[in-house]
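Visitor: Spelled out, the chains give:
Protein chains: 2
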Amino acid sequence: MIYTFVAYVENKPGVLNRVASLFRRRAYNIDSLAVGTTHDDRVSRMTIQVEAKDDDAAKRISANMYKMVDILYVEDVTHKDNVIREMLMIKVSTDNTTRTEIIQIADIFTAEIIDAGIDAMTLLITGTQGKCNRMINMLKQYGIVEMQRTGAVAMLRDSEGVPEGFAQVMTEMGIH
Amino acid sequence: MIYTFVAYVENKPGVLNRVASLFRRRAYNIDSLAVGTTHDDRVSRMTIQVEAKDDDAAKRISANMYKMVDILYVEDVTHKDNVIREMLMIKVSTDNTTRTEIIQIADIFTAEIIDAGIDAMTLLITGTQGKCNRMINMLKQYGIVEMQRTGAVAMLRDSEGVPEGFAQVMTEMGIH
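Here the protein sequences line up with chains A and B, keeping their order. When you line the first sequence up against my numbering, it's residues 3 to 178, in that order. When you line the second sequence up against my numbering, it's residues 3 to 178, in that order.
What the hints contain is simulated information worked out from the structure, not anything from laboratory work.
For identical chains, the list gives no copy identity; a pair is met inside one copy or between any two copies.
Capping the alpha-carbon separation at 35 Å, the derived lysine-lysine pairs in DSBU-like fashion look like this:
hint : residue 1 : residue 2
1    : 82        : 69
2    : 14        : 142
3    : 142       : 69
4    : 82        : 55
5    : 14        : 55
6    : 82        : 61
7    : 14        : 82
8    : 133       : 82
9    : 142       : 55
10   : 55        : 133
11   : 133       : 61
12   : 14        : 69
13   : 14        : 61
14   : 142       : 82
Taking the hints into account, I'd like the entire structure generated from these sequences.
Guide: If you want it as structure tokens, here you go:
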């Protein structure tokens with residue numbers, strides 16, 4: 003099963019390296035990873051999706067991440083009420099005959115056409131992994147020239163925002 | 003100056019680790035990184051943005067990446083005709099008075115409202131880094147509860163798709 007973790011880390015060179023090393027050492031295969039700065043430059047936020055056997059295995063992943071010095075907060079959001087979205091950029095072969103069909107598919111999935119040339123079109127879509135997969139499946143017949151997904155970003159629906167435990171860490175760091 | 007590289011790598015555990023280590027060892031600070039599978043499970047595609055002094059420094063980064071065994075192809079797309087997009091998920095404080103204003107801002111930036119609660123709303127936007135920054139700036143006044151960007155994804159506008167050199171590597175690997 004795929005588990006989704008949200009982690010707050012100090013924005014220092016080498017943090018990505020240490021997280022990647024940890025997962026490598028423990029032989030966890032990262033299914034998806036998104037890293038980006040938050041509204042505070044000192045803090046980065048990561049969403050990591052990892053295959054784990056069960057909840058116990060997931061707990062061990064959290065615990066191992068916590069041992070890392072630059073990790074400020076980790077939360078397993080898998081079983082919580084969350085929104086998860088990824089972005090997919092995909093370039094598809096086209097010609098004057100198939101262009102209309104591809105535009106229709108873009109409409110169905112509310113994808114944005116961000117580039118068009120004589121023999122190719124580039125679409126951009128955000129959605130769940132399933133939605134992106136379904137669009138890829140429909141576009142395959144025309145020939146996929148190139149594609150890239152980003153890692154998924156997860157956020158709790160909870161309007162409280164960052165969890166209480168982390169809010170405290172932020173306060174201690176003088177952030178906010 | 004920020005340089006943008008597109009790299010194709012073998013989809014094996016540890017590749018992310020080796021890329022992160024390389025940048026760490028050389029003391030390059032990764033500004034943004036997006037990794038995802040392509041339409042071939044054996045190959046992942048990365049877009050990496052790195053601060054480099056000049057084109058010569060950028061060439062050295064390419065050369066160093068090429069030395070890594072799992073790297074199939076690297077291209078510096080900085081000075082080429084490309085599309086670059088990132089995704090931003092942002093949760094903003096709101097109440098019955100400010101909700102309309104936030105919806106207006108979402109409309110201006112064609113952001114999608116993916117979640118709404120009594121005291122917070124979550125918006126999703128894709129665009130250039132500049133566009134995302136401008137939306138963040140407008141939303142700051144309401145209070146940002148939580149936000150995360152993905153790494154940027156870059157693609158050449160060239161309808162030829164994957165560069166000739168890489169197409170050859172793919173053919174040799176029996177991909178396509």
